[in-house]
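Visitor: The chain contents come next:
2 protein chains.
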Amino acid sequence: MPPRFAFTLHATDGAARTGEIAMQRGVIRTPAFMPVGTAATVKAMRPAEVRATGADIILGNTYHLMLRPGAERMARLGGLHKFMGWDRPILTDSGGYQVMSLSALTKQSEEGVSFASHLDGSRHMLTPERSMEIQRLLGSDIVMVFDECPPNGVDRERAQASMERSMRWARRSRDAFDSGGEHATRAALFGIQQGSLDRGLRAASADALMEIGFDGYAVGGLAVGEGQAAMFGVLDYAPDQLPADKPRYLMGVGKPDDLVGAVERGIDMFDCVLPTRSGRNGQAFTWAGPVNIRNAKHAEDESPLDPACDCPVCTGWSRAYLHHLVRSGEMLGAMLMTQHNLHFYQALMAGMRSAIAEGRFAAFAATFRTNYAAGR
Amino acid sequence: MPPRFAFTLHATDGAARTGEIAMQRGVIRTPAFMPVGTAATVKAMRPAEVRATGADIILGNTYHLMLRPGAERMARLGGLHKFMGWDRPILTDSGGYQVMSLSALTKQSEEGVSFASHLDGSRHMLTPERSMEIQRLLGSDIVMVFDECPPNGVDRERAQASMERSMRWARRSRDAFDSGGEHATRAALFGIQQGSLDRGLRAASADALMEIGFDGYAVGGLAVGEGQAAMFGVLDYAPDQLPADKPRYLMGVGKPDDLVGAVERGIDMFDCVLPTRSGRNGQAFTWAGPVNIRNAKHAEDESPLDPACDCPVCTGWSRAYLHHLVRSGEMLGAMLMTQHNLHFYQALMAGMRSAIAEGRFAAFAATFRTNYAAGR
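One line per chain: the protein sequences are L and D, in this order. When we follow my numbering, the leftmost residue of the first sequence carries the number 6, and every step to the right adds one. When we follow my numbering, the leftmost residue of the second sequence carries the number 6, and every step to the right adds one.
Straight-line Cα separation of at most 27 Å, BS3-like style, residue types lysine-lysine; simulated pairs: (1) K48(L) - K48(D); (2) K48(D) - K87(D); (3) K260(L) - K48(L); (4) K260(D) - K48(D); (5) K302(D) - K87(L); (6) K302(D) - K48(L); (7) K302(L) - K87(D); (8) K48(L) - K87(L); (9) K48(D) - K302(L); (10) K260(D) - K302(D); (11) K260(L) - K302(L).
Label-pair distances were calculated between CB atoms; the ranges are: (12) V32(D) - D125(L): 51 to 59 Å; (13) R173(D) - N300(L): 38 to 46 Å; (14) T375(D) - K112(L): 56 to 64 Å; (15) S106(L) - T375(D): 51 to 59 Å; (16) E305(D) - A367(L): 51 to 59 Å; (17) A367(D) - R81(L): 42 to 50 Å.
Source of the hints: derived by calculation from the structure; they are not laboratory data. For glycine and all other residues, C-beta sits at the position ideal for the given N, C-alpha and C.
From just these sequences and the hints, can you work out the full model?
Guide: Dropping the structure here:
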């Protein structure tokens, strides 16, 4: 029987770490990138294709799934894994971030957030207790605490008040998760550090979370428009404020160079819509930098999207064909661009894991940055 | 070395026939259904996925491809097969039908048709000679003569004049194809019978085509709104007007029960956008009749789309999941519905081939009709 949740560090190189998380539904190699499967599908990808990119875990969105198909319905259908055909670990967010960014007529209180669905205007309430219940009904493997993510640029007073509310909600999330019966015996719960760009608030948040105790710790409230330099500024100290023997997860990040810089600073897990969303919009990520396949210069280019990539897209079709598909609005264009981008992201993570294990992460990062910048 | 084009009949059962066409790029089992790959892609399907449904040959549209990416560009890129990654036979239509239905500002003359592109308004000219040249540049395996397809309900005088022009264009197509050099030594050319719903005109058209001589013969001008009864009325005599030792191709057909009725009357080949287009719109074809997966009754239905189908979609996901995907506008919904529909169409063709080979086509057709009608 695999453990409920066991994080093992295999090697460190500077602040960068590589290891694995063993869970009942499978092993997650870290640093890990989690493709986003918002509405019970990683867009334009079958589960077997997602797995073939090298993904060990995907992310599902509580906000989207509670509205459609609905958490209780999902439970009646046997849970998210069975529903979508993905049998490995799934991390679900708490809904806290997206309820503020996507829904309308939100009303926040100490109890939670009431809101109108962006789909049909129906009213719903999310609280720490309801978020835990939904994530349990979905059958999540890694559950995130319900928190509040303040916007970028908020003043210190508001940042502190918001962080402190998030810490009270983290406590309620812990209690609700622990009373979830059988699910609590096989799933894990992660806390989320808040505190905006303030080191002191970040330290207080970390202390509050560690006092409660979690299986892993997310750095939240970043990637909200503060820019890479400010984000790295927080990552210069935030990972050290969190336990070294637990995974650290940077939520909603990011571009390839964000991932390299964050791993360099001690982050173990990531999720982001960028490879999938960009793929649907005709942007590819390659070892030589981003490529906009819609550009006319690709119309008769018989070379692969990325000559340094061995994915099925790069070994099967030319830039000219992808250009034609994307320009023509063909679904296959979105499918192939997404498939390549997810392969690239996983290859980047695999490259970082090997480099850390072999004590050459700095050289890997420097080479990556040089090559990646050359193509911009 | 496989032959350029060799049609072998293995068995007949009433007017129904089964056999195979051997060509340099592969064997086509008949009766055959050709998925439509309009713009160098069978929409929402990778080539290997198309092949896995059982398709031996696909169709490409001359009108769409001449406009984007363009025939000369396609030739510079090595032809349609290499461009899209499909190495088996491709049949291309002549562009004659779609130039009338999709383009604007068309001007018809004895020379051909001049028109404005539906994409950018640019003016183009299609003649029998240019259509043959384009199909050669694409690298087509089965080339269709350039013809005129009159609308449904046209009077006899206009039907006759149009048919006679199509026969003159068939002669010019034959001459242009034969002067196509190396391509003519490995590709085949099909004539197209016209004559609307008039038996005498159909006979005259067939005689004119046989006088010229082709590798196969299409029944054209049907599936333009005349209805199944009128179409079957023509198919009661049209196949007999054409050579028994050459394949007979019913263009643009059709629904599953159209295919069964047409095979029953001696047709060997079909193409239609219905399985792909319907799939994208949420309609599935099953052995128990059509299924509209958007219907609310499927929201918690854990059964497969078609319990009698062994395709990857029916063995992998529930109606509830497909309902969720299609209702949510998720690309994976269109992908999976298309995949199932193409599997169903190929399974139907395979079922008919076996039934004919074993002399039980009438029973197969009767059982199919009973089951298919039960689900409507």
